[in-house]
Amino acid sequence: MANQSIAHRSLFNILAMTMALAAGVPAVHAWTSKDGTAEVHGYVDNTTHERVGSRAGISKMRNRGQLEFSKDIGRAGIFSELSFHGILRASYDAAYDLNSDTWGDEAGGPVMLQSQGGPDLGLPYMVPWGATPNPALGPVVLPGTNPFATSDPDVLNGFFLGTNPNEGLVILGSESFTATGGIPGFGGVQLAYPGRPCNEDPRGCIKDYMDADEDDLRFPEFNEQQDWLREIYVDATIPFANGDELNLRIGRQQVVWGRTDLFRVLDQVNPIDFSIQNIYEEFEDSRIPMGIFSSEYRMGATGAFDDLNFQFIWKFEKFRPHNLGQGGQPYNILDAGNLFRALSTCWNFGCTVGNFAPNATAALSFNPPFGPGAPALPHTPGGAFGNGLSTGLLATTFPKQTIGIHDAILPDWELDNSEIGARLEGVFKGVGFSVNTLYFHQQLPSLHGGTAGPPAINPFLAQTGTFTSAAGLLPPGGIPANVLINPATGQVLDTFGNAVPRPYLLAFDIHFPRVFMLGGSADFYVEPLKSSFRVEVAHTNGEEFPNTLDPRLYSESNVVRWVVGWDRPTFIKFLNPTRAFLISAQLFGQHLLDHERIQTPAGPAGMPDWKDNFTGTLLVQGNYKNDRIQPRVISAYDFEAQAATIAPSVDWLITDNWRLSLGANFKVGRAKNEWDDCRLCNQFPPFTDPAEGTPGAGTLPPGQAVNRIGGMSPLGAFRSGPIGMAQDEDEFQILLRYSF
Amino acid sequence: MKVQRSKLLVAAMLVVSASAWAQTVPEDVIQKSFYPYKDGFPTHAVYKPGVKVNQGNVDQFKDILDEGLYFFIKDGWVEVDTAAATDFPLSTEYIEATRKNAGSVKLGADGTLDGFVAGRAFPQEPDANDPNAGQKLVWNYQYGFNSGDSETIYPFWWTFRDVKTGKVERQLRFEWHFLNFMHRVTFGPTPEYADNPSRIYRGIYSMVKEPFDLANTQLLINRYEDDTQRDDAWLYLGFQRRVRRLATGQITDAFLGTDLMIEDFEGYNGRVTDYEWSYGGSRDLLLPFYHHNEMALSPEPADDPDGYRFVDVHGRGNCFPRVTYQLRKTYTLIGKPKDPNHPLSKRIINLDAQTSTMASLTVYDRKGDMWKWFPIGKAHSDFHHARNKGKGVALDDFAVLIDVQAQHCTTLQFKSIITDDVNQPSLFSVQNLRKEGR
Numbered sequence: 000m001a002n003q004s005i006a007h008r009s010l011f012n013i014l015a016m017t018m019a020l021a022a023g024v025p026a027v028h029a030w031t032s033k034d035g036t037a038e039v040h041g042y043v044d045n046t047t048h049e050r051v052g053s054r055a056g057i058s059k060m061r062n063r064g065q066l067e068f069s070k071d072i073g074r075a076g077i078f079s080e081l082s083f084h085g086i087l088r089a090s091y092d093a094a095y096d097l098n099s100d101t102w103g104d105e106a107g108g109p110v111m112l113q114s115q116g117g118p119d120l121g122l123p124y125m126v127p128w129g130a131t132p133n134p135a136l137g138p139v140v141l142p143g144t145n146p147f148a149t150s151d152p153d154v155l156n157g158f159f160l161g162t163n164p165n166e167g168l169v170i171l172g173s174e175s176f177t178a179t180g181g182i183p184g185f186g187g188v189q190l191a192y193p194g195r196p197c198n199e200d201p202r203g204c205i206k207d208y209m210d211a212d213e214d215d216l217r218f219p220e221f222n223e224q225q226d227w228l229r230e231i232y233v234d235a236t237i238p239f240a241n242g243d244e245l246n247l248r249i250g251r252q253q254v255v256w257g258r259t260d261l262f263r264v265l266d267q268v269n270p271i272d273f274s275i276q277n278i279y280e281e282f283e284d285s286r287i288p289m290g291i292f293s294s295e296y297r298m299g300a301t302g303a304f305d306d307l308n309f310q311f312i313w314k315f316e317k318f319r320p321h322n323l324g325q326g327g328q329p330y331n332i333l334d335a336g337n338l339f340r341a342l343s344t345c346w347n348f349g350c351t352v353g354n355f356a357p358n359a360t361a362a363l364s365f366n367p368p369f370g371p372g373a374p375a376l377p378h379t380p381g382g383a384f385g386n387g388l389s390t391g392l393l394a395t396t397f398p399k400q401t402i403g404i405h406d407a408i409l410p411d412w413e414l415d416n417s418e419i420g421a422r423l424e425g426v427f428k429g430v431g432f433s434v435n436t437l438y439f440h441q442q443l444p445s446l447h448g449g450t451a452g453p454p455a456i457n458p459f460l461a462q463t464g465t466f467t468s469a470a471g472l473l474p475p476g477g478i479p480a481n482v483l484i485n486p487a488t489g490q491v492l493d494t495f496g497n498a499v500p501r502p503y504l505l506a507f508d509i510h511f512p513r514v515f516m517l518g519g520s521a522d523f524y525v526e527p528l529k530s531s532f533r534v535e536v537a538h539t540n541g542e543e544f545p546n547t548l549d550p551r552l553y554s555e556s557n558v559v560r561w562v563v564g565w566d567r568p569t570f571i572k573f574l575n576p577t578r579a580f581l582i583s584a585q586l587f588g589q590h591l592l593d594h595e596r597i598q599t600p601a602g603p604a605g606m607p608d609w610k611d612n613f614t615g616t617l618l619v620q621g622n623y624k625n626d627r628i629q630p631r632v633i634s635a636y637d638f639e640a641q642a643a644t645i646a647p648s649v650d651w652l653i654t655d656n657w658r659l660s661l662g663a664n665f666k667v668g669r670a671k672n673e674w675d676d677c678r679l680c681n682q683f684p685p686f687t688d689p690a691e692g693t694p695g696a697g698t699l700p701p702g703q704a705v706n707r708i709g710g711m712s713p714l715g716a717f718r719s720g721p722i723g724m725a726q727d728e729d730e731f732q733i734l735l736r737y738s739f
Numbered sequence: 000m001k002v003q004r005s006k007l008l009v010a011a012m013l014v015v016s017a018s019a020w021a022q023t024v025p026e027d028v029i030q031k032s033f034y035p036y037k038d039g040f041p042t043h044a045v046y047k048p049g050v051k052v053n054q055g056n057v058d059q060f061k062d063i064l065d066e067g068l069y070f071f072i073k074d075g076w077v078e079v080d081t082a083a084a085t086d087f088p089l090s091t092e093y094i095e096a097t098r099k100n101a102g103s104v105k106l107g108a109d110g111t112l113d114g115f116v117a118g119r120a121f122p123q124e125p126d127a128n129d130p131n132a133g134q135k136l137v138w139n140y141q142y143g144f145n146s147g148d149s150e151t152i153y154p155f156w157w158t159f160r161d162v163k164t165g166k167v168e169r170q171l172r173f174e175w176h177f178l179n180f181m182h183r184v185t186f187g188p189t190p191e192y193a194d195n196p197s198r199i200y201r202g203i204y205s206m207v208k209e210p211f212d213l214a215n216t217q218l219l220i221n222r223y224e225d226d227t228q229r230d231d232a233w234l235y236l237g238f239q240r241r242v243r244r245l246a247t248g249q250i251t252d253a254f255l256g257t258d259l260m261i262e263d264f265e266g267y268n269g270r271v272t273d274y275e276w277s278y279g280g281s282r283d284l285l286l287p288f289y290h291h292n293e294m295a296l297s298p299e300p301a302d303d304p305d306g307y308r309f310v311d312v313h314g315r316g317n318c319f320p321r322v323t324y325q326l327r328k329t330y331t332l333i334g335k336p337k338d339p340n341h342p343l344s345k346r347i348i349n350l351d352a353q354t355s356t357m358a359s360l361t362v363y364d365r366k367g368d369m370w371k372w373f374p375i376g377k378a379h380s381d382f383h384h385a386r387n388k389g390k391g392v393a394l395d396d397f398a399v400l401i402d403v404q405a406q407h408c409t410t411l412q413f414k415s416i417i418t419d420d421v422n423q424p425s426l427f428s429v430q431n432l433r434k435e436g437r
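Protein sequences, first through last, are from chains A and B. Counting from 0, one number per residue, gives the positions in the first sequence under numbering that gives the first Met the number 0. Counting from 0, one number per residue, gives the positions in the second sequence under numbering that gives the first Met the number 0.
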């Protein structure tokens, strides 16, 4: 808190100083060379965000400088135009220092995880990281207090508190778990992630994907990819006798294909850095420029077209996915970075997962998770499993190399991994149009169950036996030696001798599969409505989505995405009689054509993503004082997630050089969307479903047990979307910029 | 055979009819239209060139001041220096095109233009008894030679000023390009580009160079030959890096926070058919027509590679051009918007008779009160930048839009060059916005 107070005082001091400076500093303009062919301009700014809610405090205090330069060489050899452009950017985000106990080297702390079906180990029905309930509770023979505990960090199936202490941890989606669960009254599954930068706490850091140390977070451009060199490219034009032109642009750049705000349909060439500010940063600032060769043949007016151009692009820089934000960073779209860090911790160090295994002890009484006075939890006293409700869920501690994320497999730089695209673009009878195609790698990660590395091991299975091939069910690394196999059938057996047709434990590698996109866009003006419209549609093939019905927990789906945008300058006379307000609305649609979802007695299973979803956005912007004061409201609503964001702001152009922007970002609506987190696939029988250990007791096919204890996290995040998952990130924001 | 003979007969009749229609314009009409000062410049009982018109003597000259300028001098906003009138002959190619084509031009039933090729559509002296006189004048203005066939304005500074304090609030630094795709007379190809499937008459392209928050913002407007067709426009937003289609119907909106509505550009920037136009008679008025190189110039732009300097500003709020005015013949054109919700009740355009360019514009709000005044300073092309010598264009050189009610003005300082060196059709394409965008 002391740090925050200092930060607040600093902020006001900066503001006061700036106001004084704005009044007194003579205007500075861009530098232009005497011959007008070279130009340099740029800005310095401070952006400060104050978050309210469970992780209140400064979430951003970024100080950034950006320098843009260009040199026009003019005619040179075969080129009619030759020019050189660059953008340098450097930032320092003080939030990691000023609010270090939330985002920096003091973030997190010891955690307690829910164990609603178990005894108290510390707080009521909570257990500390690294502990599990007492096993003497009935037929479920959970190991005793962390049977995997070891004093040797190199033990394969161990959990070594020395390297994996209950420190610096944060409960994933911590603010939301007790509010709801997969079944009303039960908390959902709980994971914890290390919240400190990777140099402070290496747990859960995924090499070359999410492994930023504190300086990487403070100074994000000074990374291995040299992002301080934001853009640098050469632009050259070759003229032809018939008036056509061939334009070549090579270097690190942004290639912009879309016509949308906030969300993208066709604009897929550059990945996005969501760690800057989730979806709310202007694309110009959040796109990650890439090394791209772009050639464009410009035919101009041709035949019936007022303008016609063909573009071919080749991304030659090594693939980079979206930056989703690392576990522990303030902006962490879909909570993905936090989840991945939690799962990577599980794999590499072991972890305690709250509310995981069902408790078979009917006599156990439940503590209402909603607090005193809350209604009692439904359960079946003395009842057997398989009746729809278990009698509770137990926190479960897993040793390392059992569940989690093993590795992120980023495509190497190889010609075969290149990404290419083409676009035909033009104007026909006043209608702007494009046809686009892109062959690229999915920029969002896809989690493949089973790992390509060391095989995941079920520590609950017998550690002896031989095995033969079980066609179609083998993990990529083969069946580990400690898995019991039915020699007659080749099927994996559990310790009860029952078939376990689920060789892929909850262990993953992260992949970025190949995707082929084909789409088009158009914009046009409709006079009777005094409105312009923009339309985009894209079909992709090869995208992967989580799917709990698939043995590997993901499957492909063709996807159609589209957007219709509507822009209308509209006079609202009582608010401003001389200047129109810009009203801009967009409706996005996404349709998973190969969506899979089934309803089990205990809930849905399959793909957590919505089969059909729609998101609407609305921008209303006014202008006062000759456009020097610009109030605006941006809002977005995810129809299926039933979550909305409202972001009012006011820009004040104090002078041509100084700009002050005050804003806020509020989220409303339903934050939580639950999904079964693959306990339906009953990975660890009998612990995840003892009924299956009793032949004939189960009513569903193996792997779809009724002990469905889903939760909001992790897979519910896919249903909540980027708006719903940020419900606890209301903010007040201030930007002060000096540009020249 | 019978049918074929009938067709031939009809075709022959059409040819004869067309030939009769395409009459040549009498030379005296041409001479009077383009050389109105051949027999001398206008005179006035009191006014003598060189007199300074100020608050003290303005009433003596009220009849040779437009409504706006009289108000500002009378109210002490500005004093005006005057000079002897000078001839502003237009390009001989434009005059020749008029001579050749004007005889074929007619007004259509809906007020649109039929048979127009190039030059001045109606060179005849406006007749107050002609109910279509206003309509003809507005077409002369619409297809005038204001920017030649092709013009580049760079640098082009738009400065927001508080009238009361003179404080400069904001300055937009642009480059602008104008290209006529049709009705061309001086730069090839004439009279039009062959590849123009949508019959674009004129392309306007601009890019904001500064300030940084708007840098690289680009605007492209395609105006079509069909006057009933709304312009198409696209905006490239530097901070979004993408082209955004503009809804061009809302042309009464202020442009980028200036005091100009989009409809005000160049005096009137809408469809001719959106207004009822009438002829308000001919007057001799003091207009800001001058020789740029002979004016007291501003020190800006200090870094111009050619050493070019803008016309300077003075008067209240520094809203007025420090130039000399000269007494010239004008036609008054009155436009009343057909849309009852239009914010204006009328716009009065004073067209310079010789050049058919807008010399001044006064607009009135719905209540009938004067709202804005918009004079355009015109520079003789032989006394400006060396590249303009002999171009025969009355160059846009300075303009100001004063919002009398808001006590605010936007001054426009130009470096206009009549050239086609960069103004090729490819510059006026949507793709060029992306190309130039950074």
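Be aware that one or more of the hints could be misleading.
On the chain A side, residues computed to face chain B include the following (Cβ under 7 Å) [said to hold, decoys possible]:
1. Arg251
2. Val255
3. Ser294
4. Arg297
Treat the hints as calculated values from the structure; they're not laboratory data. Just so you know, even glycine gets a beta-carbon here, dropped at the ideal spot from N, CA and C.
Hint-by-hint comparison with the structure:
1. Arg251: At about 13 Å, which exceeds the 7 Å cut-off, the nearest Cβ of chain B leaves the hint on Arg251(A) violated.
2. Val255: For Val255(A), the interface hint holds, since the closest Cβ of chain B sits about 5 Å away, which is under 7 Å.
3. Ser294: violated (12 Å)
4. Arg297: Holds, about 6 Å.
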